[in-house]
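Listed below are the residues making up each chain.
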Amino acid sequence: MSAGLTAPVPMKARTSRLSAVIREMLSRPSGCIGLFLVIANVALALFSPFFAPFDFKAMNANAILAPPDSTHWLGTDQLGRDILTRTILGGRQAILVTAIATPLAVAWGGLLGIYLGLAGGRLDDILMRVVDAFLALPWILKMLLMIVTFGTGIGVLVPTLAFFYGIPVIRIARAATQNIVARDFVLAARARGHSRVSIMRRELFGNVLDALMVEGAMRWSWMLLAFTSLSFLGFGVSPPTPDWGLMIADSRNFMAIAPWQAFAPVIALSSLIIGINLTADALAKALGIDRAQTAVH
Amino acid sequence: MLRIFIRRLLLGIATVAIVSGIIFAAVEALPGDACTAILQRDASGERLSNCRRELGLDRPAVTRYVEWASGAVRGDLGISAHNNKPIASLVGDRLKNTLLLAGCSLALGIPLALFLGVLTGLRRDRFSDLALSTIAIFAMTIPEFVTATVLIFVFSIWLGWVPGIVTASASAPLSAFFPGIALPVLVLTMVMTAHIMRTVRSSVIDVMSSDYVQMATLKGVPYWQIVFRHALPNALLPAINVIALTVGWLLGGVVVVEKVFNYPGLGHYMIDSISDRDLPVVQAIALIVAAAYVGVNLAADLLAMAFNPRLRTLKARSP
Chain A
407 MSAGLTAPVP
417 MKARTSRLSA
427 VIREMLSRPS
437 GCIGLFLVIA
447 NVALALFSPF
457 FAPFDFKAMN
467 ANAILAPPDS
477 THWLGTDQLG
487 RDILTRTILG
497 GRQAILVTAI
507 ATPLAVAWGG
517 LLGIYLGLAG
527 GRLDDILMRV
537 VDAFLALPWI
547 LKMLLMIVTF
557 GTGIGVLVPT
567 LAFFYGIPVI
577 RIARAATQNI
587 VARDFVLAAR
597 ARGHSRVSIM
607 RRELFGNVLD
617 ALMVEGAMRW
627 SWMLLAFTSL
637 SFLGFGVSPP
647 TPDWGLMIAD
657 SRNFMAIAPW
667 QAFAPVIALS
677 SLIIGINLTA
687 DALAKALGID
697 RAQTAVH
Chain B
465 MLRIFIRRLL
475 LGIATVAIVS
485 GIIFAAVEAL
495 PGDACTAILQ
505 RDASGERLSN
515 CRRELGLDRP
525 AVTRYVEWAS
535 GAVRGDLGIS
545 AHNNKPIASL
555 VGDRLKNTLL
565 LAGCSLALGI
575 PLALFLGVLT
585 GLRRDRFSDL
595 ALSTIAIFAM
605 TIPEFVTATV
615 LIFVFSIWLG
625 WVPGIVTASA
635 SAPLSAFFPG
645 IALPVLVLTM
655 VMTAHIMRTV
665 RSSVIDVMSS
675 DYVQMATLKG
685 VPYWQIVFRH
695 ALPNALLPAI
705 NVIALTVGWL
715 LGGVVVVEKV
725 FNYPGLGHYM
735 IDSISDRDLP
745 VVQAIALIVA
755 AAYVGVNLAA
765 DLLAMAFNPR
775 LRTLKARSP
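Chains as they are written, first to last, in the numbering used here: chain A, 407 to 703; chain B, 465 to 783.
A few of these clues could be false.
Stated by the list, open to error - Residues on chain B that point at chain A, a partial pick, calculated with CB under 8 Å:
#1 A489
#2 I599
#3 A603
Claimed, not checked - The calculated label-pair distances, taken between Cβ atoms and stated as ranges, are:
#4 A:I445 / B:A595: 21 to 29 Å
#5 A:R596 / B:A770: 34 to 42 Å
#6 B:R467 / A:G561: 48 to 56 Å
Unchecked claim - Some residues of chain B that are not near chain A, with every Cβ distance over 12 Å (derived):
#7 S508
#8 T527
#9 E531
#10 G556
#11 L559
#12 A634
#13 G644
#14 L650
#15 D675
These are calculated hints, taken from the structure and not from any lab test. In this text, a Cβ means the ideal position worked out from N, Cα and C, and glycines have one as well.
Can you make the complete structure from the sequences, with help from the hints?
Written out as structure tokens, the structure is:
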């Protein structure tokens, strides 16, 4: 992150930097594989309803826990439903919810963090105590309390995830801002009498954005972990909607006789999460950010 | 030093106090209360209001919060709405089991993580580093239930070495949890090792490229002496704080692992209590976990200060 990159970058420079970052990411094998896995999973989530071979809730009494064959390429589950169909559809809920919640979390956490880093003072002290308090609660407890109170629909999960996963972003944005506010160009802006909002917009955003983008990729991966774990525990997506977490939970009861049931959703979910992390890693390296300090969940 | 210690302690207590407020408010916002949980379908009219009067639930929330918080300070966590037993003893058994699980994972994970972190840091960007660092990313980001499912398949169904779930009850003696504890410990160790290792790696890399290490190299100090005498004491300091964060995560984040392996620990109990709407228990567990998290991090901060004089100023604050 170079100090020269203050905010009013002309549009052309900005796009060329974006393409430079993407080229840099693609120059590493991890970035290539990561981007491929993410794009493939998202594309599958978007378009799978158009080519799913079976109806995801169609049960077939003649093919219960059937091993993979030429009709059911990945076998069937305990109700005789096609596992290939359910696997390619099984990421839709998770990806939809987390893809909306991640930008929301980064936006509100980032804005508040930048403001607190710039303003400091009493408000900063108090709010950071509250942030610490929230971070001291395990994520699953926070999520479960919200779900028990408000239910499990997308309308609840998106704001809940966006809220809780935005809290660690406050810290990241605040720390990144504090590294910058002491620099000459911010001092100069202050001396010129710019307002806080103007300093945030013109001097800070551009410089904190890199850190926030990497953090956003990480948040996405943690949110997927949270969402699928909740489904696995029975607090997320409700049957018969296909979902990777639910499918893995179902498969555990029949693992000794039908191990193929777990195979496909495990591979699918892992490929997405690994893809996101490889992408985040490549992004961090391309932007020159140390990613090792990111917090636990 | 004493002033900083007291300041940190007060900040820690303030954090726990805020957490307890958040927990109480959250549970307060849940539909239903202890009485609807006790009475189940009979929860209406006369019986409900009698029960509420009996348990003191008809009083204002602030009064009840003060009463709950002051009870918790004295070790009285209230009565379970599910079976009318004191929560302290119910939670005590589970806490003991979770501590066993966490203790085994830490005993395995910390030395392993330090070793791997130093190894990967010293061999930066070589094959062993790239391989181990990639595995670490996978270990920490793939959901625990996925790892657990794969491990159960491999080790208990395919190879048949260890049982796939724990069958011991919550109050069983600790020895009853072996060998069933092996797989949950393995899952937790993997995640934890990955987190600690990554921090140690980056801090080893930082220190090894610092001026004083270069100076020592130029001076002709043997490589291993530089590593052990000059670099590692500084490089391992940040590990203290990450280990503390990980311990906090272990105490609460084991929820999924305990549920997957049917392990009768605190996290499993919390999920069951949420399903049963046993709100006093939920409150108590949340408070214990939060207090443990804050306590461990406080201890880590103080330990880090003891080792690193640069942190011993009032300006230096927890990151």
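For each hint, the structure was consulted:
1. A489: With a closest approach of 10 Å, the A489 of chain B hint is violated.
2. I599: Because about 11 Å separates I599 of chain B from the closest Cβ in chain A, which is outside the 8 Å limit, the hint is violated.
3. A603: 11 Å, violated
4. A:I445 / B:A595: 21 to 29 Å: 25 Å, holds
5. A:R596 / B:A770: 34 to 42 Å: About 38 Å separates the Cβ atoms of R596 of chain A and A770 of chain B, which means 34 to 42 Å holds.
6. B:R467 / A:G561: 48 to 56 Å: 49 Å, holds
7. S508: Consistent with the label, S508 of chain B stays out of reach of chain A, its closest Cβ about 21 Å off (over 12 Å).
8. T527: T527 of chain B clear of chain A: closest Cβ-Cβ about 22 Å, beyond 12 Å.
9. E531: Non-interface label on E531 of chain B holds, nearest chain A Cβ at 21 Å vs cutoff 12 Å.
10. G556: 19 Å, holds
11. L559: Its Cβ never comes within 12 Å of chain A, the nearest being 14 Å, so this holds.
12. A634: Fine: 19 Å to the nearest Cβ keeps A634 of chain B off the interface.
13. G644: 16 Å, holds
14. L650: About 17 Å separates L650 of chain B from the closest Cβ of chain A, which puts it past 12 Å; holds.
15. D675: 19 Å, holds
Going through the hint list in order, the structure does not satisfy hints 1, 2, 3.
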